[in-house]
Amino acid sequence: MFNAFLSLLKRDLRLAFRHKSEILNPLFFFVIVVTLFPLGISPEKQTLAEIGPGIIWVAALLASMLSLDSLFRSDFDDGTLEIMLLSEYPLSVMVLAKIIVHWLITGFPIIIFSPLLGTVMFLSPDAIVTLMITLLLGTPILSLIGAIGMALVVALKRGGMLLSLLVLPLYIPVLIFSANAVGSSMAGLSISGQLYFLAAFMIFCLTLAPIATAAALRVSLE
Amino acid sequence: MKSIWKSVMKFIYHFASPKHFYRISGKLIPWFGWLAAMLLIAGSIDGLFFAPVDYQQGDSYRIIFIHVPAAWMSMFVYMVMATAGAIGMIWKIKLADVVASSSAPIGAAFTFLALVTGSIWGKPMWGAWWVWDARLTSELILLFLYLGFMALEAAIEDPRAAARACAILAIVGVINIPIIHYSVEWWNTLHQGATVTKFDKPSIHISMLIPLLLMALGFKLYYVAVVLVRARNKVLYTEQNNSWVKEIVKAGG
Amino acid sequence: MSALIIYVLYRELKMLEMLQMGKYGAYVWSSYGLALFVMGYVAIKPLMDKKLIFKELMMKYRREAHQLSSKKQEQEQGQS
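Chains as they are written, first to last, in the numbering used here: chain A, 1 to 222; chain B, 1 to 253; chain C, 1 to 80.
Don't read these hints as lab results, they were simulated from the structure.
Backbone N, C-alpha and C define an ideal beta-carbon position, used for all residues, glycine too.
Warning: the hint list may mix true and false statements.
[Said to hold, decoys possible] The calculated DSS-like cross-link candidates involving lysine-lysine, where the alpha carbons are at most 27 Å apart (straight line), are:
| hint | chain 1 | residue 1 | chain 2 | residue 2 |
| --- | --- | --- | --- | --- |
| 1 | C | K14 | B | K246 |
| 2 | B | K123 | B | K10 |
| 3 | B | K220 | B | K19 |
| 4 | B | K19 | C | K55 |
| 5 | C | K71 | B | K250 |
[Stated by the list, open to error] Okay, the calculated beta carbon distance ranges per label pair:
| hint | chain 1 | residue 1 | chain 2 | residue 2 | range |
| --- | --- | --- | --- | --- | --- |
| 6 | C | F37 | B | W132 | 20 to 30 Å |
| 7 | A | V93 | B | W126 | 44 to 54 Å |
| 8 | C | S30 | B | F11 | 41 to 51 Å |
| 9 | B | Y13 | C | L47 | 24 to 34 Å |
| 10 | A | F204 | B | W126 | 34 to 44 Å |
| 11 | C | L47 | B | L209 | 28 to 38 Å |
| 12 | B | L213 | C | K51 | 31 to 41 Å |
| 13 | C | K45 | A | L156 | 20 to 30 Å |
| 14 | B | Q240 | A | L85 | 27 to 37 Å |
| 15 | A | L189 | C | L47 | 49 to 59 Å |
| 16 | C | L47 | A | S190 | 49 to 59 Å |
[What the hints assert, rightly or not] Partial pick of chain B residues on the chain A-facing surface, computed with a CB cut under 10 Å:
| hint | residue |
| --- | --- |
| 17 | M125 |
| 18 | F144 |
| 19 | L147 |
| 20 | A151 |
| 21 | L152 |
| 22 | L169 |
Let the hints inform the model, and build the full structure from the sequences given.
Structure below.
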């Protein structure tokens, strides 16, 4: 089973790298959205430093959500998803492999680019480190919860908007604790509580989200 | 022990059969409906005219007799939806799916009511039509969860698949609701300081408690009555090709 | 007689005062009014839907019975 898990991982990674736009587009979106805010609000250092954590996190949230289509769409369209359903391996394990690949191609680049955006928003070095940690803990949660939503709407013709309505309310705790952690870091306050929450929530989602996603896939594909 | 369980399940399956559900619920609805109406009228009159004036907020606090029970019901109905969805998924009882689907608009209405009355109450209390306080923000997110449920149900054509997809969504939602509540409360205390209103404290004067409880109970019975009416309609429509439905329709309604 | 009028006027004034709810009358009454409207609508709409369903199903059954009887007629004509 572990072999099947690994081979699915490798296959999806290979496919993703063939369509580099799947990796680059969410990243560009992330960067562009963050740039919109100084343009729309104010380029002043104080203002940006105050709203920066929230903006970077909301942009990461939206970028992650918009890229969810790549999780199941192509496999659904050509029938591979159905074959996975019928295979002897537990669907939740297969789903986990796909979620990991999704995170590698969306969350991971976001984490790499976040210091650049943090600097642009005048975050202190401590805050930037906190930003990266919260993204490291949080973006997997976004991929995991997003997978559940994507599995529910994959069979629908125009599920894009519906997906955001389903998934964004569930993202809110991650947003609250992460943005707050970065903000507290700027002010020099303790962030351990927020990070503990994020870590706990991530592990919680890691164990349960694949099961819910598998159940949702079965409903979508029957 | 096993035979007791078996007979309980048999009873549940019997009651859950559409035909018997239709008949039994038809008898129950007037009881729940009229009782609910009496409780709501009594609670409203008590709350509006007989409960004492609050020395801090004057008469404006009387809105809580609508706002608080509506908020309680918005949570309660979501729990019922998720439970019914789970029952429908695990034991494949169609009636459970019907109850879940029938409950969603009622719960959304309660949430909307809680939001708007909370906002109206906020104007004399805080001077603004909207504040991002913990309860109102949580209710807003809960409204999104209800709307998502209803949107997903509308988007899936096959009713059975829709019921199961919505069940999964409701269960995921129910697990997340405490997490969301806790996050929003935590977020709120950071930005506004602890806004403890008189009614968040555990001790509330009994003359204010009674109308509150009357309204709460009235809302619950109202919900049961309305969900039964909606569920009966759905059952009638989905079972339209069955002979028992034909008999009932031909006998007039 | 005048005592009665004075008494009634007094009751009316008190009633008006109560209806105003301090100065919060608009807020309180609009909340209760909204609640009445929303809950009334949510309760009454399914009752109206029930009538519509009965109507629709009755028409459907009539149509089916008609189709069935006309099919039977065709069969009998075909046999004779």
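Here's how the hints hold up against the structure:
For the given pair, K14 (chain C) sits about 58 Å from K246 (chain B) by alpha-carbon distance, which is inconsistent with the 27 Å threshold. Between the alpha carbons of K123 (chain B) and K10 (chain B) the distance comes to roughly 54 Å, so the proposed pair goes past 27 Å and is violated. A hinted pair counts as satisfied when its Cα atoms are at most 27 Å apart, and K220 (chain B) with K19 (chain B) qualifies at roughly 25 Å. For the given pair, K19 (chain B) sits about 20 Å from K55 (chain C) by alpha-carbon distance, which is consistent with the 27 Å threshold.
About 22 Å separates the Cα atoms of K71 (chain C) and K250 (chain B), which keeps this hinted pair within 27 Å; it holds. At roughly 27 Å, the beta carbons of F37 (chain C) and W132 (chain B) sit within the given window of 20 to 30 Å. Restraint check, V93 (chain A) to W126 (chain B): a C-beta distance of roughly 51 Å satisfies the suggested window 44 to 54 Å. A hinted range of 41 to 51 Å for the beta carbons of S30 (chain C) and F11 (chain B) is consistent with their spacing of about 47 Å.
Distance hint check: the CB atoms of Y13 (chain B) and L47 (chain C) are about 29 Å apart, consistent with the given range 24 to 34 Å. A hinted range of 34 to 44 Å holds for the C-beta pair F204 (chain A) and W126 (chain B), which are about 35 Å apart. For the pair L47 (chain C) and L209 (chain B), the supplied restraint of 28 to 38 Å holds, since their beta-carbon distance comes to about 33 Å. The hint said 31 to 41 Å for the Cβ distance between L213 (chain B) and K51 (chain C), and at roughly 35 Å that hint holds.
For K45 (chain C) paired with L156 (chain A), a C-beta distance near 27 Å keeps the hint of 20 to 30 Å intact. In this structure the hint that Q240 (chain B) and L85 (chain A) lie 27 to 37 Å apart at CB holds, the actual value being about 33 Å. Taking the beta carbon of each, L189 (chain A) and L47 (chain C) are about 57 Å apart, inside 49 to 59 Å as hinted. In this structure the supplied range 49 to 59 Å holds for L47 (chain C) paired with S190 (chain A), their Cβ-Cβ distance being about 57 Å.
This hint is violated: M125 (chain B) has a C-beta 24 Å from the nearest C-beta of chain A, more than the 10 Å allowed. About 4 Å separates the beta-carbon of F144 (chain B) from the nearest beta-carbon of chain A, less than 10 Å, and the hint is met. Given hint, L147 (chain B) at the interface with chain A, holds; its Cβ is 6 Å from that chain's nearest Cβ, closer than 10 Å. Checking A151 (chain B) against chain A: minimum C-beta separation of about 5 Å stays under 10 Å; hint holds.
Look at L152 (chain B): its Cβ gets to within about 6 Å of chain A, closer than 10 Å, so that hint holds up. Given the 10 Å rule on beta carbons, the hint for L169 (chain B) holds: about 6 Å separates it from the nearest Cβ of chain A.
The structure is inconsistent with the numbered hints 1, 2 and 17, although it conforms to all the rest.
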